[in-house]
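Given next are the chains, with one letter for each unit.
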Amino acid sequence: MPSNSVALTPGLASFLKSLKTNPIDTSIDDLISLLKRRQIRHSRSCATATAYLMRSVISATRTSDANKLIERVQYVGRRVMAAQPREMVVGNIVRRVLGLIRDEAEDDREGDFTLSEAGSESQPQTPRALDDPSEVLSYRHDGSDRSSSRQPFTSVSATPISMFSLLSHPEPETSLPGTPASASPSGRLLGHSHNKDIRAEVLDGINEIIDELGQVDDQIAAYALEHIHSNEIILTHTSSTTVQKFLLKAAAKRKFTVIHAESYPNNHEATHATVSGQAPKDDDMLSTEAFQKPLIALGITVILIPDSAVFALMSRVNKVILGTHSVLANGGLVAAAGTRVIARAAKVHQTPVVVVSGVYKLSPVYPFDFDSLIEYGDVSKVIGYEDGDLVDQIDVQNPLYDYVPAELVDLYITNLGGHAPSYLYRIVSDHYRKEDIIV
Amino acid sequence: MAAPTSGSPDAKPFDIVATYNDLLRSDPDLTMPIAAIEALVLLLTHSPSSTISETLDLLEKSTAHLKQSIPNPIGLSAGTDLFQRYLITTLQRPGQLGPAGDFNAIRAHLLSNGRLFIRRAKESRDKIAAFGRGFVRDGSTVLTNGGSRVVASLLQKAADEKGGPSAVRFKVIYVLSSAKKNSDEPEGMETVRALRAKGVPVSTIPESAVAYAMGKADIVIVGAEGVVENGGIVSRMGTYQIGLLAKAMGKPFYVVAESHKFVRIYPLGQYDLPIEQRVIDFKTEEDVADEAKQQKAVSTETSDAKAVNTADSADVVDFTPPHLISALITDSGVLTPSAVSEELIKIWF
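Just so you know, the sequences run in chain order V and A. So for the first sequence, the UniProt record's numbering puts the first residue at 1; every next one is plus one. So for the second sequence, the UniProt record's numbering puts the first residue at 1; every next one is plus one.
Rather than coming from a laboratory, the hints here were simulated on the basis of the structure. Virtual Cβ for every residue (Gly too), placed ideally from N, Cα, C. Please note that a few of the clues may not be correct.
[Said to hold, decoys possible] Once the Cα atoms are required to be at most 25 Å apart in a straight line, the calculated DMTMM-like pairs of lysine to aspartate or glutamate come out as: (1) A:Lys247 with V:Glu269; (2) A:Lys157 with A:Asp27; (3) A:Lys127 with V:Glu435; (4) V:Lys434 with A:Glu276; (5) A:Lys216 with A:Glu229; (6) V:Lys434 with A:Glu185; (7) V:Lys434 with V:Asp395; (8) V:Lys434 with A:Glu291; (9) A:Lys346 with V:Glu435; (10) A:Lys251 with A:Asp138; (11) A:Lys346 with A:Asp138; (12) A:Lys216 with V:Asp371.
[Said to hold, decoys possible] Sample of chain V residues facing chain A (criterion: CB under 10 Å; computed from the structure): (13) Ala329; (14) Tyr366; (15) Gly417; (16) Pro421; (17) Leu424.
[Claimed, not checked] DEER-style ranges, computed between Cβ atoms: (18) V:Phe370 with A:Pro71: 40 to 46 Å; (19) A:Met249 with V:Glu71: 41 to 47 Å; (20) A:Gly199 with V:Ile233: 41 to 47 Å; (21) A:Arg115 with V:Pro23: 52 to 58 Å; (22) A:His323 with V:Ile233: 46 to 52 Å; (23) V:Ile233 with A:Gly250: 29 to 35 Å.
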């Protein structure tokens, strides 16, 4: 992960520090301007900042009413997302927080329901989810981000089996009492406790998201040995920490060769630093990445090549491993400029392309318009201002990202494991609520 | 589909085939699966069966009968299957409508809500239009075919969206198949007129010009008669070639279909569809002569036979495999083809 920012310039670290002391509205404005000025870049920094901001927003909102909480988060979320629409992780985190609140609210409502029933009959109804075996079946636990105790059974029953929605009752939960099951006093307790600390539960959930953001690279790296074999030649691109950790994990056990495309002009300095192991002291990185050994220190042969040599070398490459900026619902991805060239070259040579990405980068947004996803950066990196005459006469562009269509990718490795691009829709539907896709 | 089938046994007091055809004719907005569900609901009204197995048996028989009497039962079977599964799962589920409850309650629910199903089915079209409007971008050109009502409503919604004729900024290339012989204009003309009335520039091309026109199109949107298990679609003849051409030219190919059109069949190819279509019909000079002779022999019925023949050739379908489809726009969201099987598995298991 590169960053040109020097320590103490505004960035993720300074934002997190100020979050504790500043009033919440100042913090929101702070993050918005940081995002607008691109002083927080990179998916993970943006995600971390958003998650911390959401945590502060929720702890500062003194209400136990879930709807008010949702409204508040939506309001803040919309503003932050609008600040930098191309950082899709911001929206992803906002959506996940909204999903958390909704899950809690539904648990709560169910608690209320059992309470009112219990008041008249002293026998609470069985939880509806257990009534229907198909619902239990249709639900699959991925055990990644939410603790199993708060699993969204209710989210499944709230949107019933979609094809049946045509025939189902207008109001599926009419007041007709079902078969009264064995009395479960816990239902009453549950309702009470939920009523009280919906906020606390949501905050717990956000803390889990933050933990996930911290561990995601290590979790992905755990799959490295399954994918990198001895004496393979791996081609990669940019200085992505996720990829580096992935390779390092494999390097501890196996010997292989890495060909590293330098990704000029936006990322070459950071890439050089990653390869040589002289990572600059990086303000954005709060973790230990700065102290990480480079691959060469572990005896791995690393070959740095210019981007233009990718096609020529591709015939000798066994596997391409790529980092990404964000992953879209259709299995396509937005990654550093040059990625599509590599993916295309790999396709021509029938070389497998593996993309490593945390689930937090997976966005429910469907890419209607690919061009709008591409961000353009500083032109002076291509032609410096010392060549002013030239800049006057020609049109220079420096796109930062590439859209890579799903058919060029063979496998995604996320912190949940390996998935085919066509399977990503399933992970999307596991992580985001349908009603939150448009915040 | 509209061909009236007269061969139904009249021993039954209630003729499901006639009911089905009447329903389809009476409401041009009705899709085949919904008409099938409606027909089955009406069947239940007319037959006072009181036990579950009796009802299921009746349903099964009538469904089989209905499927046999219709030349292309793919779209229809989506509706009958859905209805049957719905009944069975409701019966299995303990609760207010289950065995513990009253079987008559289910009947009453179904009978009293017949119109509701139709309304919901039509509403799902609006839902799809809402999901799909993002696909029609400003300044884009959409290529479409056939007479799908969902595609029509999506495009019209997109036209409305931009606020009046002056602001409409997308164009449509409409692929028209040759006109049916019993009607003087090809299917889809109605949509073309409606779009033109809204100020959308529409160009109509014959099917032979699809490859020629594809270069000018930005996206392809088609409807479907049925969406099959692997995510492919069964749709009007000619859709497959549009899909192939779109793939070859790198244009996104979107399918618009309601989720009640999902059918539980798994065709392996064009000739694996569970219907009889005489599209490819090899003949020698002898066969042609024979046929001409036969036709003369039954000259009294010539006009009738012809009508049936043309109805057949206008209703033929082909199968578009999933790898040609970029995404399916349904009322449960934008799905990749592989998500279809999951949606189907959800209701069957």
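Comparing the hints with the structure gives:
1. Using a Cα cut-off of 25 Å, the hinted pair lysine 247 of chain A and glutamate 269 of chain V is violated, with the two alpha carbons roughly 39 Å apart.
2. The straight-line distance between the Cα atoms of lysine 157 of chain A and aspartate 27 of chain A is roughly 21 Å, inside the 25 Å bound, and the hint therefore holds.
3. Among the hinted pairs, lysine 127 of chain A with glutamate 435 of chain V is consistent with the structure: their alpha-carbon atoms are about 13 Å apart, no more than 25 Å.
4. Annotation: proposed proximity of lysine 434 of chain V to glutamate 276 of chain A is violated, straight-line Cα distance about 40 Å (limit 25 Å).
5. For the hint linking lysine 216 of chain A to glutamate 229 of chain A, the alpha-carbon distance of about 32 Å lies beyond 25 Å, and the restraint is violated.
6. With a C-alpha separation of about 42 Å, the suggested pair lysine 434 of chain V and glutamate 185 of chain A falls outside the 25 Å cut-off, and the hint is violated.
7. Straight-line distance between C-alpha atoms of lysine 434 of chain V and aspartate 395 of chain V comes to about 42 Å, which puts the hinted pair past the 25 Å bound.
8. A hinted pair counts as satisfied when its Cα atoms are at most 25 Å apart, and lysine 434 of chain V with glutamate 291 of chain A does not qualify at roughly 58 Å.
9. With a CA separation close to 20 Å, the supplied pair lysine 346 of chain A and glutamate 435 of chain V stays within the 25 Å bound.
10. Distance restraint check for lysine 251 of chain A and aspartate 138 of chain A: the Cα-Cα separation of roughly 17 Å lies within the 25 Å cut-off, and the hinted pair is therefore satisfied.
11. Note on lysine 346 of chain A and aspartate 138 of chain A: the hinted pairing is violated, with a Cα-Cα distance of about 37 Å set against a maximum of 25 Å.
12. As the CA atoms of lysine 216 of chain A and aspartate 371 of chain V are separated by approximately 18 Å, the hinted pair is consistent with the 25 Å bound.
13. The interface hint given for alanine 329 of chain V holds, since its Cβ lies 7 Å from the closest Cβ of chain A, which is under the 10 Å cut-off.
14. For tyrosine 366 of chain V, the shortest C-beta to C-beta distance to chain A is roughly 5 Å, which falls under 10 Å, so the interface hint holds.
15. A cut of 10 Å between beta carbons decides the hint on glycine 417 of chain V: the least distance to chain A is about 17 Å, and the hint is violated.
16. Because the closest C-beta pair between proline 421 of chain V and chain A is about 9 Å apart, less than 10 Å, the hint holds.
17. For leucine 424 of chain V, the interface hint holds, since its Cβ comes within 10 Å of a Cβ in chain A; the closest pair sits about 8 Å apart.
18. Checked against the hint of 40 to 46 Å, the pair phenylalanine 370 of chain V and proline 71 of chain A passes, with Cβ atoms roughly 42 Å apart.
19. Distance hint check for methionine 249 of chain A and glutamate 71 of chain V: the Cβ-Cβ separation is about 46 Å, which falls inside the suggested range of 41 to 47 Å.
20. For the hinted restraint 41 to 47 Å between glycine 199 of chain A and isoleucine 233 of chain V, the CB-CB distance of approximately 58 Å leaves it violated.
21. Under the hint 52 to 58 Å, the C-beta atoms of arginine 115 of chain A and proline 23 of chain V, about 56 Å apart, fit the expected range.
22. Checked against the given bound of 46 to 52 Å, the beta carbons of histidine 323 of chain A and isoleucine 233 of chain V, roughly 30 Å apart, lie outside it.
23. One distance hint, 29 to 35 Å for the beta-carbon pair isoleucine 233 of chain V and glycine 250 of chain A, holds here, with the actual separation near 30 Å.
Violation of the numbered hints given earlier is confined to hints 1, 4, 5, 6, 7, 8, 11, 15, 20 and 22; the remaining hints are satisfied by the structure.
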